[in-house]
Every structure is written in structure tokens, then in C-alpha cells.
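2 protein chains.
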Amino acid sequence: MISKEEIAEKYKVIQNEITEALEALDGKAHFEEEIWEREGGGGGRTRVIQHGDILEKGGVNFSAVHGKLPEQIKKAFGVEEDEFFATGVSIVIHPNNPWVPIIHMNIRYFELNEEIRWFGGGIDLTPHYVDENDASYFHQELKSVCEKYSAEFYPKFKEWADNYFYIKHREETRGIGGIFYDKLTPEKAGISFQEIFDFSCDLGRLFPKVYTELVNRSRSKEYTEAEKNWQYLRRGRYVEFNLVYDAGTKFGLETNGRIESILMSLPEQANWFYNFKTESGSKEEKTLSLLKKGISWA
Amino acid sequence: MISKEEIAEKYKVIQNEITEALEALDGKAHFEEEIWEREGGGGGRTRVIQHGDILEKGGVNFSAVHGKLPEQIKKAFGVEEDEFFATGVSIVIHPNNPWVPIIHMNIRYFELNEEIRWFGGGIDLTPHYVDENDASYFHQELKSVCEKYSAEFYPKFKEWADNYFYIKHREETRGIGGIFYDKLTPEKAGISFQEIFDFSCDLGRLFPKVYTELVNRSRSKEYTEAEKNWQYLRRGRYVEFNLVYDAGTKFGLETNGRIESILMSLPEQANWFYNFKTESGSKEEKTLSLLKKGISWA
Numbered sequence: 000m001i002s003k004e005e006i007a008e009k010y011k012v013i014q015n016e017i018t019e020a021l022e023a024l025d026g027k028a029h030f031e032e033e034i035w036e037r038e039g040g041g042g043g044r045t046r047v048i049q050h051g052d053i054l055e056k057g058g059v060n061f062s063a064v065h066g067k068l069p070e071q072i073k074k075a076f077g078v079e080e081d082e083f084f085a086t087g088v089s090i091v092i093h094p095n096n097p098w099v100p101i102i103h104m105n106i107r108y109f110e111l112n113e114e115i116r117w118f119g120g121g122i123d124l125t126p127h128y129v130d131e132n133d134a135s136y137f138h139q140e141l142k143s144v145c146e147k148y149s150a151e152f153y154p155k156f157k158e159w160a161d162n163y164f165y166i167k168h169r170e171e172t173r174g175i176g177g178i179f180y181d182k183l184t185p186e187k188a189g190i191s192f193q194e195i196f197d198f199s200c201d202l203g204r205l206f207p208k209v210y211t212e213l214v215n216r217s218r219s220k221e222y223t224e225a226e227k228n229w230q231y232l233r234r235g236r237y238v239e240f241n242l243v244y245d246a247g248t249k250f251g252l253e254t255n256g257r258i259e260s261i262l263m264s265l266p267e268q269a270n271w272f273y274n275f276k277t278e279s280g281s282k283e284e285k286t287l288s289l290l291k292k293g294i295s296w297a
Numbered sequence: 000m001i002s003k004e005e006i007a008e009k010y011k012v013i014q015n016e017i018t019e020a021l022e023a024l025d026g027k028a029h030f031e032e033e034i035w036e037r038e039g040g041g042g043g044r045t046r047v048i049q050h051g052d053i054l055e056k057g058g059v060n061f062s063a064v065h066g067k068l069p070e071q072i073k074k075a076f077g078v079e080e081d082e083f084f085a086t087g088v089s090i091v092i093h094p095n096n097p098w099v100p101i102i103h104m105n106i107r108y109f110e111l112n113e114e115i116r117w118f119g120g121g122i123d124l125t126p127h128y129v130d131e132n133d134a135s136y137f138h139q140e141l142k143s144v145c146e147k148y149s150a151e152f153y154p155k156f157k158e159w160a161d162n163y164f165y166i167k168h169r170e171e172t173r174g175i176g177g178i179f180y181d182k183l184t185p186e187k188a189g190i191s192f193q194e195i196f197d198f199s200c201d202l203g204r205l206f207p208k209v210y211t212e213l214v215n216r217s218r219s220k221e222y223t224e225a226e227k228n229w230q231y232l233r234r235g236r237y238v239e240f241n242l243v244y245d246a247g248t249k250f251g252l253e254t255n256g257r258i259e260s261i262l263m264s265l266p267e268q269a270n271w272f273y274n275f276k277t278e279s280g281s282k283e284e285k286t287l288s289l290l291k292k293g294i295s296w297a
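So the sequences go chain by chain: B and D.
The first sequence: position 78 = 77 (numbering that gives the first Met the number 0), numbered continuously.
The second sequence: position 38 = 37 (numbering that gives the first Met the number 0), numbered continuously.
I should point out that these hints are in silico values taken from the structure, not numbers from a laboratory.
Treat the numbers as computed from the prediction; the structure is a model and nothing was measured.
A couple of the hints might just be wrong.
Taking lysine to any residue and the SDA-like style, the derived pairs with C-alpha atoms no more than 20 angstroms apart in a straight line are [to be verified]: (1) D:K67 / D:E110; (2) D:K249 / B:V243; (3) D:K276 / B:Q49; (4) B:K27 / D:F272; (5) B:K67 / B:I258; (6) B:K167 / D:G247.
Working from the sequences, and respecting the hints, build out all of it.
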């Protein structure tokens, strides 16, 4: 069976492929790299791109950390074991142009006492303005990768994403969803350990392909100040989701992770306009109407 | 004994006094009022001021809500009772000028099954740049009000504020603290129910006095773009505190409160600059060095 070291190495290579592809996509800005160590064990390689032609702020973080699991996380996971190892690649990209969507991807592997072995991950898209063709393309691509491994993956993981990327207090999904899975084992997945790992690598490789396509579709579109303000407002929702609900953020903050790497998911600028109302018949209203669970995009 | 209805009425009058004083202070903008009802019972009167001469975004919220307490909050409170009543005034002000501090005040009264009766509240100051004279003035004023009621209040509630208004993942206090108290009863306070109530009203009345003084000390100071950016960054920390740690925000989100009233505490604009480092010897560095627990400001 592939070892945790080999998994980490492969994820590191995927980080390289992704940052290369994103630099090529942007054409102007370059990633800055920060190598960091975690006091409790392990460390990571954070790469952040800023003020690009299209990428306003984006982070592609690799980490492989280990140590003792804090009590509250053991409880939340419902486990007794407390020696953990976790490795993964985590990405959030905030573009300048409000017509280009925000994207997030994460693939991760988790071990407890070298006995429990889980994979988790997901990709989800957060357009400031929902475009049905883009949403359909995005979900089709995810569905194809899922179907290479199991017919059950896409419907199950798509529903999981709808429920996970949900801003409960706003009664809105974060965006148009995608896929999400967690604590995946060969038993639950019905495929081998190696295949689950391969699935996660395929998702990692799908990321630059779909985001390049989506960026190139909209990067040249002009936008107004009002559209920019709507982007800032939608980014505020993104901040709300990440700080109030996101499990990865919580895990990072509670295990004393590197704060700047965890919070690289936050946009450079977000706004909260008190009691903002969308105009009837507007494209903002249309977008809100599509931020719902259970829409069949694929 | 004063009834919950009388407490709510008095808090409403205090809201009036405060919004009048803040309009006079600003001299340009006026509060907009929104009367709202809560589905589970009760409602409130939210007043928000925006784009003033000095007040960029500020909310003064009165509410009196009641209903069934959700399970997770009963657990968090360690109580069996589930009929709750809560009333209070809650304020957050974000000024335009980075030399003027952010301020927060809250006074509240809470009843469970008409048996348990608690008061809670606090005032804390979050300067973007810490000025020792202002911090000292602010704490002196709080200390004076506390000492009218009990010699124990100020030291105890000051320490409570240091621990409460703390951004654990940043190892920073939110600002220079103030006072914080919760679940206060005559038994714990050593003074009567009426006196605890009077104490909360005195805090409500202290608010416009101290904030008027602090605003007038700094409102005419010029600022640079770099200072404005530092303000946006500090506001980002404020957002992190409110969404990750603040108990009032959590309570509101979990009891289906009115979202726009709960999140009126968020600034109009906040920024996250990746891996921002303060320059050695700078005023930003000095400010960070003063965002610590246990400083004797009074």
C-alpha cells in the first residue's frame, strides 16, 4: 500500500503543476513561496499569488503535519486515537474581475495512529454572477472524473457539497457547489485505497484545466463599479462561510496551524453593505435565486 | 422588583439617547431605523448610520426577543430551562478616520423560565493605532462607573474583557479591552437586582460621553493611504473576532435572529493582506505590542 510519505510527495508534485498552470493563466504575477514548520510537528509550503492580471489573491497551500489531536477535535471526529498525520493541497482563488468566479479545491489525506486512513476533498465554484453554461460545464467535468471511479460518486458528493458549502444564517449556498467528500475509505467508496488516492490526484489535475477554461471565458469582460461592489459583497459571504462554518479553517485554527496559510482563503477586500437589497429583475437577484441546494447542473 | 418589560422599556430609552448623541457628534449623517419581528417571538429596533462625517458605519440595535432556547445553547449555558427572554442594546461603530477608534458596547438582560435572571454587558475600545492617553482615559471612566457599585467590579470585569475580547489564533487582544461581565446576579455581584440594572444603565449613558470625547480628540487628524490600509487590516481582525469567537453573534445566528442586525457589527470594508509584516520601530508595531492582556490602563 502507498505510504503517507508517498501520498505527501505526490500532492507536492500536484501543487507544482497547479502553480505553474496558474502563473501561465495569469501571465503577469508570480507565486511567492513560504516554507513553514508547525510547532507540534510537520510543516508546509504555502504559495500565494497577488495583484495579477486576473488573480487578485490566490493561495495554493501544501502541508503535511502531524502530532497530537486536540480533545475538541477528537470529540468532533468521534475517535479515541490521538496521533494524527494530515497532508493535502488546498486552494482558493479570488479574481479581480467580478465576471470570473472564485474557486476552491482541496484534496487531503488523514491518518490516525496509523490505523484509521481517510481521504477527503472537494472542488466548488463561487461565481459572483451565476452563468448557467459555466455551472453546467464545471459540473460535467467533475461528473466525468467521478465516473471514472464509481457511478455513485457524483450524485453523492454533489449533494454533500450542496449541504457543506451552505451559509445557514443566509439560507444561501456559497456558490453553485461542486463535489465534497470526507472520511472516505475503501469500505465506504467500494474501490481500493490506491484508487481513492488516484481519484484525489485526478481532481487535483482537473483543477487547472477547468479554472483555465472558466477564466478565459470571462477575463476580458468589462465591469462597472456596481458590479465590483456586488463582488465585494459576495466576498463578504465567502468570509462568513469560511470563518463561521468551514471545517478546514476550524481544524487549522484549533491545531495551531500557520494562520496566514489558513486564512489565505480570505479575499484581499470584502464589504458589508447594511441591508443591501437586490433590484427586482436584476442579475444580482437572478444569482441569489440560483444559490440553492439541489439544482441539477451537470 | 423591576419587570422584564420595564427593563426593555428603559433600554429602549437608552437607545434613543445614544442615537441622538451620535447624530450630534457626527453632524452629517442620520440613523435609518428598521423595526423587525422575530419569527420565534419578539423583535427589535435596529438603527444604522452610514457614510457620516466621521461615522462610516455604525449600528445601535435594541431588541427584546423570547421563545424556546435551542438545544446547543442550553448545553453551552449548562441549563435545563428553555423559555428565554432577552433584551438589550448593542452597538458597534466603525469610523472613517483611522485615528478614531472602533467602539463596542452592549448591555443586556436575560431570563430563563422566569426563574433565572442574568445581566450581561461590556464596553471595549479597538483603536487602529493605540494612544496611551486615550486608553487611560477610557479605562478611568469605566473604573469610575464600576466603583459607584462595587470595588470588585472594575478589576474583575477588566480581566474578563481581556480574556473575552481575545483573538486566540492571532494571540492578540481585539483592542485595548474595557470591561465585560456575564450572568451577573445579586448573589454574584453583592448588590441588589435594581443596582445591577442601574449599573447597566449607567454604562449605556457613559457610552456617548466617552465616545464623543474620543472622537473629538482625533477626528481632525489627517491620514495617509498606508494608515487607511492599516485600518482595513485591523478591521479584518475585528471581522475574525466577531465571526469566530463572539458569543453574541453566535447566539444571534443560532437563534435565527435578524442577520442584518447581528452582522451590523461588521465594517463596510475590511482587507486581508497576505503575510503583512509591520516595520521595525513603526507605529503599527507599537500598536501590536500593546494588544496584550493584563496591561493596567486605568
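Verification of the hints:
1. D:K67 / D:E110: holds, 12 angstroms
2. D:K249 / B:V243: Holds: D:K249 and B:V243 sit about 9 angstroms apart, inside 20 angstroms.
3. D:K276 / B:Q49: holds, 16 angstroms
4. B:K27 / D:F272: Holds, at roughly 19 angstroms.
5. B:K67 / B:I258: holds, 18 angstroms
6. B:K167 / D:G247: Holds. B:K167 to D:G247 sits at ~17 angstroms (cutoff 20 angstroms).
The earlier numbered hints are all upheld by this structure, with none contradicted.
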